[in-house]
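Trainee: Sequence:
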Amino acid sequence: MTFFTLTENIAFDILAIVTTLLVITITYIKWKQTYWNKIGLSTLNPTIPFGDSKKLLLAKCSFGEQFQEFYKTFKTKGLQHGGIYFGTKPFYVPVDPEIIKHIMQVDFQHFVNHGGYIDEVNDPLSGHLFNLEDAKWRNLRIKLTPTFTSGKMKMMFQTLADCTVGLKSVMDDAAESNTPVDIKDVLARFTTDIIGSAAFGLE
1 MTFFTLTENI AFDILAIVTT LLVITITYIK WKQTYWNKIG LSTLNPTIPF
51 GDSKKLLLAK CSFGEQFQEF YKTFKTKGLQ HGGIYFGTKP FYVPVDPEII
101 KHIMQVDFQH FVNHGGYIDE VNDPLSGHLF NLEDAKWRNL RIKLTPTFTS
151 GKMKMMFQTL ADCTVGLKSV MDDAAESNTP VDIKDVLARF TTDIIGSAAF
201 GLE
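With the numbering used here applied, the sequence shown corresponds to residues 1 to 203, in that order.
For the record, the hints were derived by calculation from the structure and aren't laboratory data. Do not take every clue at face value.
As the list claims (entries may be wrong) - Between beta-carbon pairs, the in silico distance windows are:
(1) 28 with 92: 15 to 23 Å
(2) 173 with 87: 43 to 51 Å
(3) 28 with 143: 40 to 48 Å
What the hints assert, rightly or not - Okay, derived cross-link-like pairs now, DMTMM-like style, lysine to aspartate or glutamate, Cα gap no bigger than 20 Å in a straight line:
(4) 154 with 182
(5) 136 with 120
(6) 89 with 134
(7) 168 with 193
(8) 152 with 162
(9) 54 with 65
(10) 136 with 119
(11) 54 with 69
(12) 75 with 65
(13) 143 with 133
(14) 55 with 65
(15) 75 with 96
(16) 55 with 69
(17) 154 with 173
(18) 38 with 65
(19) 152 with 193
(20) 77 with 98
(21) 143 with 120
(22) 72 with 98
(23) 89 with 65
(24) 143 with 162
(25) 75 with 98
(26) 72 with 96
(27) 152 with 203
(28) 77 with 96
(29) 89 with 133
(30) 143 with 107
(31) 184 with 172
(32) 184 with 173
(33) 168 with 182
(34) 89 with 69
Computed from a predicted model, the values in this text were never measured in an experiment. For glycine and all other residues, C-beta sits at the position ideal for the given N, C-alpha and C.
Taking the hints into account, I'd like the entire structure generated from these sequences.
Mentor: Spelled out as C-alpha cells, the structure:
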C-alpha cells in the first residue's frame with residue numbers, strides 16, 4: 001500500500017508532493033500556534049512562519065525591544081499577562097507586577113529557561129544568570145542568593161551611594177565646561193566602581 005501513486009507526468013508528481021508537504025507544514029504551524037488559546041491565555045495575532053516575532057526574526061529590532069513591545073501591547077489592552085509565539089515556540093509575557101514578583105520569589109523553579117542567546121564557548125559573557133538554563137542556572141542561583149539578601153543589600157547601600165559621588169563629580173565637570181560626555185564609558189566605569197567596592201572592597 002502506498003500513499004502516493006506516481007503518474008507519467010513527473011512535474012505534476014513533484015508539484016503534488018510539494019503542495020502536500022506545504023499544506024502539512026502550514027497545518028502543523030497553525031496547530032502549534034494554538035497553544036495559548038487552548039489554555040485560555042490572551043495572545044496576539046501570530047503569522048506563519050514568524051509567529052509574533054517578525055520584526056525580531058528579520059533583524060529589525062533587538063530581543064529586548066521586541067519583548068518590550070509585547071509588554072506594552074498587553075499592558076495597553078489592560079491584561080495582566082499574555083502569550084506570544086517566537087516562530088512556533090510559545091513565550092509567556094507577565095505584565096502585572098504581582099505576577100512578576102510571584103514568579104521571581106515563589107515559582108522561579110518553573111521559569112528556569114528564558115530562551116535568550118547563550119554561547120559560553122565563543123561568547124562567555126552571555127553565560128550570565130538570566131541566560132543560563134536548567135542545572136547551570138540552579139547551581140549559580142544557589143551561589144548568588146546568599147549574596148543578595150535584604151540585610152546585605154541594606155549594608156551595600158552606603159557603598160553604592162559613595163560611588164555616586166565620583167559620578168556626580170564627572171558629570172558636574174562636563175556640564176560646567178560644556179564638554180560632550182561619552183555616557184557609555186562613564187557608566188561602564190561607574191559600574192566597575194560599584195562592583196569593585198561592593199564585591200571586593202576596592203575603590
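Trainee: Each hint needs a verdict: does it hold in this structure or not?
Mentor: Right, here's what the structure says about each hint:
1. 28 with 92: 15 to 23 Å: holds (22 Å)
2. 173 with 87: 43 to 51 Å: Taking Cβ atoms as reference, residue 173 and residue 87 lie about 50 Å apart, which means the hint holds.
3. 28 with 143: 40 to 48 Å: Holds, at about 41 Å.
4. 154 with 182: Given that 20 Å is the threshold and the Cα spacing comes to 31 Å, the pair is violated.
5. 136 with 120: With Cα atoms ~12 Å apart, residue 136 and residue 120 stay inside 20 Å; holds.
6. 89 with 134: Since the Cα atoms of residue 89 and residue 134 sit roughly 18 Å apart, the hinted pair holds (cutoff 20 Å).
7. 168 with 193: Given pair residue 168, residue 193 holds - Cα atoms ~13 Å apart, limit 20 Å.
8. 152 with 162: Since the Cα atoms of residue 152 and residue 162 sit roughly 16 Å apart, the hinted pair holds (cutoff 20 Å).
9. 54 with 65: With Cα atoms ~12 Å apart, residue 54 and residue 65 stay inside 20 Å; holds.
10. 136 with 119: holds (13 Å)
11. 54 with 69: Satisfied, since the Cα-Cα distance of roughly 12 Å is no more than 20 Å.
12. 75 with 65: Holds - the C-alpha atoms of residue 65 and residue 75 are around 15 Å apart, at most 20 Å.
13. 143 with 133: holds (15 Å)
14. 55 with 65: Given that 20 Å is the threshold and the Cα spacing comes to 10 Å, the pair holds.
15. 75 with 96: holds (8 Å)
16. 55 with 69: holds (11 Å)
17. 154 with 173: With Cα atoms ~30 Å apart, residue 154 and residue 173 exceed 20 Å; violated.
18. 38 with 65: Outside the cut-off at roughly 27 Å; violated.
19. 152 with 193: holds (18 Å)
20. 77 with 98: Answer holds: residue 77 to residue 98 is near 18 Å, not above 20 Å.
21. 143 with 120: holds (19 Å)
22. 72 with 98: With Cα atoms ~17 Å apart, residue 72 and residue 98 stay inside 20 Å; holds.
23. 89 with 65: holds (18 Å)
24. 143 with 162: Violated. Residue 143 to residue 162 sits at ~27 Å, over the 20 Å cutoff.
25. 75 with 98: holds (14 Å)
26. 72 with 96: Cα-Cα ~11 Å, so holds.
27. 152 with 203: holds (19 Å)
28. 77 with 96: holds (12 Å)
29. 89 with 133: Roughly 16 Å between the alpha carbons, so the hint for residue 89 and residue 133 holds.
30. 143 with 107: Roughly 18 Å between the alpha carbons, so the hint for residue 143 and residue 107 holds.
31. 184 with 172: Holds - the C-alpha atoms of residue 172 and residue 184 are around 17 Å apart, at most 20 Å.
32. 184 with 173: Status holds; Cα separation ~17 Å.
33. 168 with 182: Cα-Cα ~14 Å, so holds.
34. 89 with 69: Between residue 89 and residue 69 the Cα gap is close to 18 Å, so the pair holds against 20 Å.
The structure fails to meet hints 4, 17, 18, 24 from the earlier list, while all remaining hints are met.
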